[in-house]
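Enquirer: Each chain, letter by letter, is given below.
2 protein chains.
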Amino acid sequence: MAEKWVLMVTAQTPTNIAVIKYWGKRDENLILPINDSISVTLDPQHLCTTTSVAVSPAFTHDRMWLNGKEISLSGGRYQNCLRELRARASDVEDEEKGIKIAKKDWEKLHVHIASYNNFPTAAGLASSAAGFACLVFSLAKLMNVKEDHSKLSAIARQGSGSACRSLYGGFVKWIMGKEENGSDSIAVQLADEKHWGDLVIIIAVVSSRQKETSSTSGMRETVETSMLIEHRAKEVVPRRIIQMEEAIKDHDFPSFSRLACSDSNQFHAVCLDTSPPIFYMNDTSHRIISCIEKWNRFEGTPQVAYTFDAGPNAVLIAHNRNAAKLLLQRLLFYFPPQSDTDLSRYSLPSHVDFYCWKSVNFNSLKSIFPLCLLFSSYVIGDKSILEDAGVHNMKDIEALAAPPEVKDNTPAQKYKGDVSYFICTRPGKGPVLLNDETKELLNAETGLPN
Amino acid sequence: MAEKWVLMVTAQTPTNIAVIKYWGKRDENLILPINDSISVTLDPQHLCTTTSVAVSPAFTHDRMWLNGKEISLSGGRYQNCLRELRARASDVEDEEKGIKIAKKDWEKLHVHIASYNNFPTAAGLASSAAGFACLVFSLAKLMNVKEDHSKLSAIARQGSGSACRSLYGGFVKWIMGKEENGSDSIAVQLADEKHWGDLVIIIAVVSSRQKETSSTSGMRETVETSMLIEHRAKEVVPRRIIQMEEAIKDHDFPSFSRLACSDSNQFHAVCLDTSPPIFYMNDTSHRIISCIEKWNRFEGTPQVAYTFDAGPNAVLIAHNRNAAKLLLQRLLFYFPPQSDTDLSRYSLPSHVDFYCWKSVNFNSLKSIFPLCLLFSSYVIGDKSILEDAGVHNMKDIEALAAPPEVKDNTPAQKYKGDVSYFICTRPGKGPVLLNDETKELLNAETGLPN
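As given, the protein sequences belong to chains A and B, one line each in that order. Under this note's numbering, the first sequence has 331 at position 318, and the numbering climbs by one with no breaks. Under this note's numbering, the second sequence has 253 at position 240, and the numbering climbs by one with no breaks.
Honestly, the hints are just simulated from the structure, not real lab data. If you're wondering where the values come from, they're calculated on a predicted model, not measured in any experiment. C-beta atoms are modelled at their ideal positions from N, C-alpha and C, and glycine is treated no differently. Heads up, a few of these hints could be off.
[As the list claims (entries may be wrong)] DSS-like cross-link-like pairs, simulated, lysine-lysine; straight-line CA separation at most 27 angstroms: (1) B:Lys191 x B:Lys262; (2) A:Lys247 x B:Lys38; (3) A:Lys429 x B:Lys427; (4) B:Lys247 x A:Lys38; (5) B:Lys427 x A:Lys427; (6) A:Lys116 x A:Lys159; (7) B:Lys38 x B:Lys164; (8) A:Lys396 x A:Lys338; (9) B:Lys247 x A:Lys247; (10) B:Lys452 x B:Lys442; (11) B:Lys38 x A:Lys307; (12) B:Lys207 x B:Lys247; (13) A:Lys38 x B:Lys307; (14) A:Lys429 x B:Lys338; (15) B:Lys113 x B:Lys164; (16) B:Lys116 x B:Lys159; (17) B:Lys113 x A:Lys427; (18) A:Lys113 x A:Lys159.
[Stated by the list, open to error] If you want the footprint, here are the derived chain A segments under chain B, 3+ residues with CB under 8 angstroms: (19) 174-180; (20) 242-253; (21) 267-280.
Next up, chain A with everything else stripped away, as it sits in the complex (with noise of 0.2 angstroms):
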């Protein structure tokens, strides 16, 4: 065996918005969920994490680096999934490179892992999720592990949660299980991201002062303090789950927004419920929440849910391109952009907007704030729904009516700069190996960063 080589895999993975939420654990160590929950996987086109993963006999010991930063692997977390991932490696045999690796030669080699994310971490995106996915599923390759991606999603889940939902595309349950061990608490796939191909899902991102409560500190609070936490995983969340699973199969879009905004709303009201109590969602979300309710009860029947994770971020899932169009256009016209937002390059090349981001570290959305003014633009992801919307520029969005709902004797308020941007994007593809060079994050020859 040659003492220089480096052998690497690199690999996307998507990250994934839960619809049934998972909220509070019975094992904080296992990361164990107290209820199933059901999520929907979003475009890696527009939000993904890729890893290169590397191995070699050169490397002193287990490295990793963060959107360029070097990050310390020492947390439980991580060490939980490069310890299951290490018990389950086999032997792997390059011809070309003239490698062979023993099973049993993976407990004392090292691994160099890079990750970055083609959106902001501090975002609130659920960066987490799609970074352990990738690690897991990136490793899995490399070590030649060949169990299948439901078991793989149990060993992300001991990284992140809801990383385990990660694993699939589509549409995709985290089975909560019943084993100590945690070995029966895995995600499925329900459907894939063909089966209901109509559906567009526009991501507001909102400006924030507040810091926010991390969701394992806030979820622990919940379990221990809330009053309402035990009869919603106990008696409300289980038939739901089964109420979803039908909605799904059967593209019955009113039961789905349904189903997601009263889960969404209710994970939020069992925060509120903790003590102290956690305010994710601001007076912004609340705006969005408000127009949404007030469209879908005027049209008679849902056009769009909304759901909102731990921050103030709304994640709105429109039935169609059509229903998406009205809601890009209501979007626009009560937040519109600051007036310095550079509007009309929008129309620069999709892998601009992201590439841009790759090697700054994003602390705070304030500090993104000026970078994406000056590289990107205010609807980002895919544009063609701002084609739809028929927006080009900023005269566009000044000349949007206002939406029919509204009465005509109150003047709507509109709130500028309220929303930092809007992703446009869809149900996606769960986790890909990716082939193209050029795309790798680790030196071939060195096994560092690029």
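Starting from the known structure of chain A, fit chain B onto it as the hints suggest.
Expert: Positioned in the frame of chain A, the structure of chain B alone reads:
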């Protein structure tokens, strides 16, 4: 019986703030709640309703004026109160004026009612509670209704649920009762206002751009759609009622504070769990909660309890005068007045603050804000707390230091203009008759508003 006489009674009734919340009816017409509630009566010197009621054979129909403007009495709630009172009226004799009214005459005689609040009706400060309590109390005196306050509370309850708790001073429990006719759904006094005389109450009237859901429709929608309200009403509140009664009896402020805060948060949680969700608190409310929670945690034991009704205003209950002083300093530090507020006027006699409101029709907080600046000041009510806090003018506010619980390295964010004004008050007494003719709201000769 001379045809020209007018017989009049004038009374004053306090408002109250629930510390274990009433939310949800089991009977919409009789206004029967789904759980017990407990409130603190607020000092009528700072927040009360004054009502004059008059009877005369010259009156052709029942009429009412609220804050100087005639309103309709045709609503079921007014009609229920009037019917219940007439059914219990007795013989009345005023020897001095030579007036004799027989029990049976009350069915034919008409009444005039004039009522005003010494606080803005639209400010979300439970004006209907004080209003209906005062209407029932004063009419009962006029009609010589011989029932005790608990029986009267069951009549006031049919005007506005929480009105029943305004029939007593101090600490009051509204027992939900079991009877279908509501006869046992009454208020009882747990302790009078002197029992826990140390408490100081500061109300932050929060500026709001949102139109709020009325509590009547809000609680109906919660009962119809929330999956958590039943568990709250049946499992959580009964235990809290027992614990809150104990805490009040024992002057146990830590328990009182924990229960009041948790129950306020849970009430807002079930509002959020309603479909469509109801948001009464806004970002300013959340910031006030965070300020109190951080301070209480820093001190190791609660200094101040918070509670929010169906609106964004914070009702803050301080353990004692010293805690109230420290609270007011914190509130003025985080929420300084708009720079054009004339704080130096705060030494005007307190009745000037309120009497100027009497003749104004307040439709929204926005409309009163400039008046509040003109005629009153930023801290009203018991201004001795402001003296304790050492704040006499804008410069004193600007000189306030950041509270010690704020970490040194993070400059505290301030929110100028987010609070309209503060009211300093305390637990207070129940309804009283006013014998001062200058306080009568109806003309003694004509029975029309003064």
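Enquirer: Now, for every hint given, state plainly whether the structure supports it.
Expert: Hints versus structure:
1. B:Lys191 x B:Lys262: Measuring from Cα to Cα gives roughly 25 angstroms; hence the hint holds.
2. A:Lys247 x B:Lys38: Judged against 27 angstroms, a Cα distance of about 26 angstroms means the pair holds.
3. A:Lys429 x B:Lys427: holds, 21 angstroms
4. B:Lys247 x A:Lys38: holds, 26 angstroms
5. B:Lys427 x A:Lys427: Given pair Lys427 (chain B), Lys427 (chain A) holds - Cα atoms ~23 angstroms apart, limit 27 angstroms.
6. A:Lys116 x A:Lys159: holds, 12 angstroms
7. B:Lys38 x B:Lys164: Given pair Lys38 (chain B), Lys164 (chain B) holds - Cα atoms ~20 angstroms apart, limit 27 angstroms.
8. A:Lys396 x A:Lys338: Cα-Cα ~11 angstroms, so holds.
9. B:Lys247 x A:Lys247: holds, 17 angstroms
10. B:Lys452 x B:Lys442: holds, 18 angstroms
11. B:Lys38 x A:Lys307: The given pair, whose Cα atoms are some 26 angstroms apart, holds under the 27 angstroms limit.
12. B:Lys207 x B:Lys247: Cα-Cα ~32 angstroms, so violated.
13. A:Lys38 x B:Lys307: holds, 26 angstroms
14. A:Lys429 x B:Lys338: violated, 38 angstroms
15. B:Lys113 x B:Lys164: holds, 25 angstroms
16. B:Lys116 x B:Lys159: Status holds; Cα separation ~12 angstroms.
17. B:Lys113 x A:Lys427: violated, 63 angstroms
18. A:Lys113 x A:Lys159: Distance ~17 angstroms between Lys113 (chain A) and Lys159 (chain A) Cα, so the pair holds.
19. 174-180: Our answer is that it is violated, as 0 residues pass the Cβ test (under 8 angstroms) against chain B, missing three.
20. 242-253: Coverage by chain B holds here, the residue count being 4 at a Cβ distance below 8 angstroms.
21. 267-280: holds (count 5)
In summary, the structure is inconsistent with hints 12, 14, 17, 19 from the numbered list given earlier, while agreeing with the others.
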